[in-house]
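**Q** Line by line, the protein sequences are chains A and B.
The first sequence begins at 58 in the working numbering and counts up one residue at a time.
The second sequence begins at 58 in the working numbering and counts up one residue at a time.
To be clear, the hints were calculated from the coordinates, so they are not data collected in a lab.
One or more of the hints may lead you astray.
All copies of an identical chain are treated as equivalent in the list; a pair is satisfied when it fits inside any one copy or across any two copies.
As the list claims (entries may be wrong) - As a list, the in silico DSBU-like pairs of lysine-lysine whose alpha-carbon atoms are at most 30 Å apart: (1) LYS512 / LYS185; (2) LYS237 / LYS295; (3) LYS185 / LYS605; (4) LYS606 / LYS512.
2 protein chains.
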Amino acid sequence: MASTCTVGIDFGTESGRAVLVDVATGNELAMAVYAYENGVIDERLPAPDDDVHLGPDWALQDPEDYLRTFQIAVPSVLAQSGVDPSDVIGIGIDFTACTMLPTTAEGTPLCTLDEYRRRPHAWVKLWKHHAAQPEADRINAVAGQRGEAWLPRYGGKISSEWFYSKALQILDEDPDLYAKAGRLIEAADWVVWQLTDVETRNSCTAGYKAMWSKRDGFPPGAYFAALDPRFERVVDEKMSRRISSIGERAGRLSERAAEWTGLRPGTAVAVANVDAHVSVPAATVTEPGTMVAIMGTSTCHMVLGDRTATVEGMCGVVEDGIIPGLFGFEAGQSGVGDIFAWFTDNAVPPEYHAAAASEGVGVHTILEREAAALRPGESGLLALDWWNGNRSVLVDVDLTGLLLGATLATRAPEIYRALIEATAFGTRAIVDAFESNGVAVNEIVACGGLPERNKLLMQIYADVTGCEFKVTASSQTPALGSAMFGAVAAGAAEGGYDTIVEAASRMARLRDERYVPNPAHRAIYDELYGEYRTLHDYFGRGANDVMKKLKSIRARPRSDV
Amino acid sequence: MASTCTVGIDFGTESGRAVLVDVATGNELAMAVYAYENGVIDERLPAPDDDVHLGPDWALQDPEDYLRTFQIAVPSVLAQSGVDPSDVIGIGIDFTACTMLPTTAEGTPLCTLDEYRRRPHAWVKLWKHHAAQPEADRINAVAGQRGEAWLPRYGGKISSEWFYSKALQILDEDPDLYAKAGRLIEAADWVVWQLTDVETRNSCTAGYKAMWSKRDGFPPGAYFAALDPRFERVVDEKMSRRISSIGERAGRLSERAAEWTGLRPGTAVAVANVDAHVSVPAATVTEPGTMVAIMGTSTCHMVLGDRTATVEGMCGVVEDGIIPGLFGFEAGQSGVGDIFAWFTDNAVPPEYHAAAASEGVGVHTILEREAAALRPGESGLLALDWWNGNRSVLVDVDLTGLLLGATLATRAPEIYRALIEATAFGTRAIVDAFESNGVAVNEIVACGGLPERNKLLMQIYADVTGCEFKVTASSQTPALGSAMFGAVAAGAAEGGYDTIVEAASRMARLRDERYVPNPAHRAIYDELYGEYRTLHDYFGRGANDVMKKLKSIRARPRSDV
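Please take these sequences and the hints and turn them into a complete structure.
**A** Structure, rendered in structure tokens:
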């Protein structure tokens, strides 16, 4: 019997991933990954322009890689599954964000034009392009001075990763290119435009990355003018005030895009979404009270609320940002899995690597096994999980990692456990911030790469936060979520669902396993968390600025010393 | 032409080492090492009593190993050199301290008697036996309550390693054995007793380890009684009030000891000395103003003064303790080389080990080379060098190591350099404590294992302290110093010297190399040292006791958690 299906496409940092999902059950029938040919462009432009070098902290992408994802990954899932394209009723996409690019008024990326392709600002700025920090500093300073009403919605500080930081960097550094750009647009919306020939702007990136709100719209022109007179009309000149809510249909698949993908022209295409946010309904969560933690190299924390609230250091609160009709709160930890990866790559001695090789497992497995044999507090170690700065609740990229308690008897698995515990304390700090501002967090659903692989980590997180942890059944949560929004774009009339809540109830599932807090462990972790908070506040709130001073000493130009 | 020679014997932690030295030039003609058969006894007694297990923090030795050093290493240097025993005019010895043992009134170690050999307290307690911490705590508490006048001479706190801590532990835990002991004696003095049949007590260990001073003698009986009524007469019952100054002759070689060693009966034998202290004249230092740093797994800092002073956290000040006629100040860092060894063993990834293996060098060499390419401050890291606690100036074994400033870009050579810098900051804190209390430190002479091997470390120490560093020519500094005291025991009349100052001027030398502070580096290190001191005081002086709290949580009995 033929299944009715949708395609979800998740545009990640290194690759694009397509899944073909059964609308009735949520079963994933096929999956394909396209590794971007030009990947992350962070040293020089792609050939033949590879004599053009990029500055520190730059990170670009090639928009052609996104189109190739449509052309390669989507036909692959059709071929693998044998599903007839006429049974595919919808397409949804999610993207990293803010990942943005300048295009012509017709949507042609400037970097694809000979005239502009050697100019770095013509390319896609990937979410982790961090070279717009001076612009972010200006944006925050001016907003603070003017008492901008939107600032508290973003925890009091916006990031160098976000839309206006990147847009303003283009204006600052390549004003001619800025002037020539007909559009500045999220890559998420741009790929939907390429599929449908309809330009839309989704409420999720507009809200979380471009300071839009359903009630107040964008920041006022006077604010933009205070940043730079040429920036006053950025919204009207380069963007759009027409925002489409997630859950809506952006349009239908064009003939051209149908050829790329092998899908039927006219297939419903959902308004674009963001990888972390689209994971929430895919993790079964469509109501307040349950946090979704998307745990990988970094962690995003999503919670729904039925009213807004101001929470220190959150990334943002957006009405309709995650689930239509609710306020979606986002917070984040900027370093989690990448701290563990740093540790195994840079601080684990050969004996553990040799043991892993001889058992045919990864070194994480060896470390996890030995770390699991320790009881809470046994390592005598405490860490601050700031190897990649602190996003929530301190919003400070200049904070750095700390390890305390080392002795001559300290061994690698103890440090590994201390780093896991530190990231768990970081999560607890975020949970505490939500709860103390009236946003309930009763339990947590985890998804992403880490929860599948590391049971010790999940148990420690449960013990540290005191929250029961569940794990999503899918290991492609964002792509599944996009497929769910594809079903909503089609609607019940075409074989899908009319709401994301309904789609979630049918297509999203959790695993059977539960991580329940161990009361004895929790008591010890309460003590350790108290110590963590003392250090967190001492180093993170200005009492001792040594981390910033070390960074500034390090950044000084090399003299003749 | 036959040389006039002396033998210096250095009793270390794992082995005893003899050198045969030309009295006229200080040239080392032969060297031999005897690795102790029973080494450090820290888990169980030697066979056949190896069913007797030791508690945590115990560290014992076998006195027979010391006699075997005489019987093996001394004949070896004579045989190697071909020197006629009649040309050997003196013997000097130095020892780790406080390393002490209970004996009969005649000097027979209790552990060699069948009646006692299965009782752990009958054995030699090695310097690093740390199981007497409760006794040290009591000693300090009672001394503080009574306002004992000698306490400030020891930086306000005495160590679990020292004489009365160990003696009181015997009384606490094996009072019968304590009662049976005719003597409690430093192993240094015991081996001299074995050579000469004369019991002496040297001014160096008496002063630094047993609270004796030339002016005030030992602490009063009322103090000892306050510790334990049975301890009131410990000095008169188990020790001696007759103290021999270093530089004196203890006696002459007995027939029995002449047979052991192959030396001539009647050869002059010097009063015993301590390894670190005997290194000072061997490092050419016999006047105030120059610090001697004996740098190995830990570091001892020795300075001479012409008057006493109270210096926070110093290990002790003893008149005639190093050079007769001067006050000898001692301070120390409890972890230096062993922190670097910990790091290379426990936190360096395989690539550096592979590079070392392929070049046929140690991993330290690879790390040093890469660390040397960094400029001061470039790592962005700062550490507190407390992996083995802090001896001077905080005198706190419960402090632990801290590393701050880590990012995802941090690499092993950067951490290695930060750890070297941290130990250099620790040395600067000691130099500052001396100088701010009127004890001049104008330059530093380094000896021991580290200065020979690690030029980067020496330059960093010079840059951090602002002091020029020199290095001793001998790599057997303590044994050379003992040979020098052997020459003084013989005296000019027998072909030696009448004073250690004269011996030093003839027999001790420095290398040509000098490490001169680089002013540009020094300026950066002044800034970093300021940050180090802030952390040092915050974590070390009670503002944040997290290190102690973590240790206490760790030490809790394992429950069902």
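**Q** None of the hints should be skipped; say for each whether it holds.
**A** Here is what the structure says about each hint:
no. : hint            : verdict
1   : LYS512 / LYS185 : within (29 Å within a copy, 41 Å between copies)
2   : LYS237 / LYS295 : within (10 Å within a copy, 95 Å between copies)
3   : LYS185 / LYS605 : within (21 Å within a copy, 40 Å between copies)
4   : LYS606 / LYS512 : between (38 Å within a copy, 28 Å between copies)
In this structure, none of the earlier numbered hints is contradicted; all agree with it.
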